[in-house]
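Enquirer: Each chain, written out:
Protein chains: 2
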Amino acid sequence: MRNANDPLLKSWVKVPEDSDFPIQNLPFGIFKTNELNPRAGIPVGDYILDLEVLLEHSFFNSLKTDVKNTFNQPFLNPLLAKGRLALSEVRNRISELLDINNSELQNRPDLIEKVLISKNRIQELKPIDSKNYTDFYSSEQHARNVGSMFRDPDNALLPNWKSLPVAYHGRTSSIVGTNVPIKRPKGQFKSKDGSIGFGLSQKLDFEFEMAFITCSNTELGEPIDTNLAENHIAGLLMFNDWSARDIQAWEYQPLGPFLGKNFASSISPWLVTLDALEPFRIEGPKQKTEPLDYLKFQKPSHFDVQLEVILRSGSSETLITKGNYKNLYWNICQQLAHHTVNGCNIQVGDIYASGTISGKEPDSYGSMLELSWNGEKPVVLNDGSERTFLEDGDEIIFKAYAEQEGIRIGFGELRNRAISN
Amino acid sequence: MRNANDPLLKSWVKVPEDSDFPIQNLPFGIFKTNELNPRAGIPVGDYILDLEVLLEHSFFNSLKTDVKNTFNQPFLNPLLAKGRLALSEVRNRISELLDINNSELQNRPDLIEKVLISKNRIQELKPIDSKNYTDFYSSEQHARNVGSMFRDPDNALLPNWKSLPVAYHGRTSSIVGTNVPIKRPKGQFKSKDGSIGFGLSQKLDFEFEMAFITCSNTELGEPIDTNLAENHIAGLLMFNDWSARDIQAWEYQPLGPFLGKNFASSISPWLVTLDALEPFRIEGPKQKTEPLDYLKFQKPSHFDVQLEVILRSGSSETLITKGNYKNLYWNICQQLAHHTVNGCNIQVGDIYASGTISGKEPDSYGSMLELSWNGEKPVVLNDGSERTFLEDGDEIIFKAYAEQEGIRIGFGELRNRAISN
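Protein chains in written order, with our numbering: chain A, 7 to 427; chain B, 7 to 427.
Hints are computed from structural coordinates only; laboratory data are not their basis.
One or more hints might be untrue.
Restraint ranges, calculated between C-beta atoms of paired labels, are given here [unchecked claim]:
| no. | chain 1 | residue 1 | chain 2 | residue 2 | range |
| --- | --- | --- | --- | --- | --- |
| 1 | B | Arg8 | A | Lys120 | 30 to 38 Å |
| 2 | A | Pro80 | B | Ser25 | 41 to 49 Å |
| 3 | A | Lys383 | B | Asp398 | 52 to 60 Å |
| 4 | A | Glu289 | B | Gln129 | 49 to 57 Å |
| 5 | B | Arg423 | A | Leu325 | 53 to 61 Å |
For each residue, glycine too, the CB sits at the ideal point set by N, CA and C.
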């Protein structure tokens, strides 16, 4: 069978060398143009493929899955609802059509004009509409950093941390896409003198996370086995869990973070499929504390994906952290198995974020809280200015990509600017 | 103007004396029958009014609101989306049509047969489909009870509790309606010897809460003022926040409850409007700790609603707690203002539960955890058996009603049986 991940595949669509979107990637997203309503697309090189136009011209007739009315939609949910295998089928078909050895579309200049839209003409939209969003806390270094700062450096990890993937529920109403400004929230905080203040957060922060998206509805009461978990997972997005540390610190006991988080979260535009990430599957860290049976797994389900956070201030950009998605203790299959072991059901389009991803090195920490050690060690930017937390006008840019043999499976960019009004 | 709450109003539909659904109530819900698909209805006495049939026969032509395609739906969301005033308009119109002095429907025996369906022929369904569910923690006695049991009786309330309405996000996928069995969850717990066990929860519990439901979509970044909050609230439901105390105790630090809660929550079938509860509006407790400005309010927004929990075991029923919705420190307007003060947006159909409602008297506590003081004081049932937590087969029945001048504005029943498979 043809392998859509084959590094030797070439497309007749020109793909710049440093592009996130070679023929081996083919992630799914939602875009619009001045003329076109929101719809599903796949980026390749500097173009976006309009899937609805391909459908209208019968290019999907050979598929087993009926994809009618899944592309001309404002969110990917109807497509995701077709399931993991259907997504593979669509991706494989597009790979075929874009292959330099395939003439079906290549020889139709009249159509190409309609099907391939320059990335400069499109607006990337929020790709999914979610009813459920869970945030894990699965990076050991992040949990240690936070535990050290706010509790006790000698007992930074709580006793349950290596026994189960700690997580909590977040809010879906305030999840936005790329290029949407993030309004600095107001709220209560405890001042240094012990009094309770109110006003704009002075500790606005990002958290670099990756999130997996589910593509099935399960029945309440039916747990998912670790070894079958990936059948329910469509792919990954970048996730920014915007945080207001001063609001969070005062409110979070005993029931967890609330207003310090739910003013906004943002997700990246292109859903990179697990299929495309297959060549980047790697072993995670040894779990020396033996997991309970329901958390044991056969196939490694960590992925080697490099992460970058750039802070743009005025016209100056500074790479403030470089991490890797593999820096998690719990993998996505363990996360999903744990989430459902009590019978909790999952739904199409659910977001499961990893928690802030921090590596061992201080320059790989995934939040300003950790990079500046709660304000003690300011981060110096390329324009000479310093940051402990984010200032109005600062733009946070996330990038993520897996790379080998000259093939870069990228996630595009997630950009959001902090504003006060 | 005609007042739909007037205690002197009588209907031509016979309403038994102890009915939850006199002409002064008229709550909204979703029902189906063997012949009819799910649709919106209003209970009156022992009948359910089919709103779609009334629409088809032009009984809503006089309304300002266009209610087409809002009744023939599996959830109330499209109707709620019309807003608070539209709901009032529909309720007022139904009150008019059912009035003993009105002949429009009363004189149409052919139609009455179609419009009024005996409650024995219908199945009550989950009335709303929610994207967001927040659980507050607003009963002072409940917070004190939990704080005493698990932390320190001398400092049972945490320092933030009287400064803000503590809350956290829950999961919507596992919210079910009445008569749906609740499967006892499996999970991790810490055994007495300190080892980590896994299996069926041995501490299955209910929590009696009331929940308000929102009927508008607000913009991200736009807080809601306490004094305008009720414009966004359609009405109230009973809410059972099913809990597994052993799972919860082991997992909840530091990010709050997760699998100990998200295996199931249940909501009652009939949304009682704030309009219908207007005569039962009362002052809440004095807030001696002065609230910050954004939590100050003009009109009292507590409601005098009596709550009962019945445990049915075999054929024996025991009233195990009697509480009142007024036993909350924070009112619904303060809750909504707090939730949005950081700019968090709200959506149509959101659920905002009160947290367990416990009064000062031990027989008014709203959970087995408190009634049995974490298992130390078993609750004796009418059949002579004892309970610390729930056993398989136990059915938990919630009732709620506001009553004065012989008029009972009731919420019907929320019934769910605990099962193991």
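Enquirer: Per the hint of 41 to 49 Å, is the separation of the Cβ atoms of Pro80 of chain A and Ser25 of chain B within bounds?
Expert: Since the Cβ atoms of Pro80 of chain A and Ser25 of chain B sit about 45 Å apart, the hinted range of 41 to 49 Å holds.
Enquirer: Could you say whether the range 49 to 57 Å given as a hint is met by the Cβ separation of Glu289 of chain A and Gln129 of chain B?
Expert: holds (51 Å)
Enquirer: Could you check the hint for me, namely that Lys383 of chain A and Asp398 of chain B are 52 to 60 Å apart, CB to CB?
Expert: Cβ of Lys383 of chain A to Cβ of Asp398 of chain B: about 55 Å, so the range 52 to 60 Å holds.
Enquirer: Can you let me know if the beta-carbon spacing of Arg8 of chain B and Lys120 of chain A is within 30 to 38 Å?
Expert: At roughly 60 Å between Cβ atoms, Lys120 of chain A and Arg8 of chain B fall outside 30 to 38 Å, so the hint is violated.
Enquirer: Measuring from beta carbon to beta carbon, are Arg423 of chain B and Leu325 of chain A in 53 to 61 Å?
Expert: Taking Cβ atoms as reference, Arg423 of chain B and Leu325 of chain A lie about 57 Å apart, which means the hint holds.
This entry does not satisfy hint 1, going by the numbered hints stated previously; all others are met.
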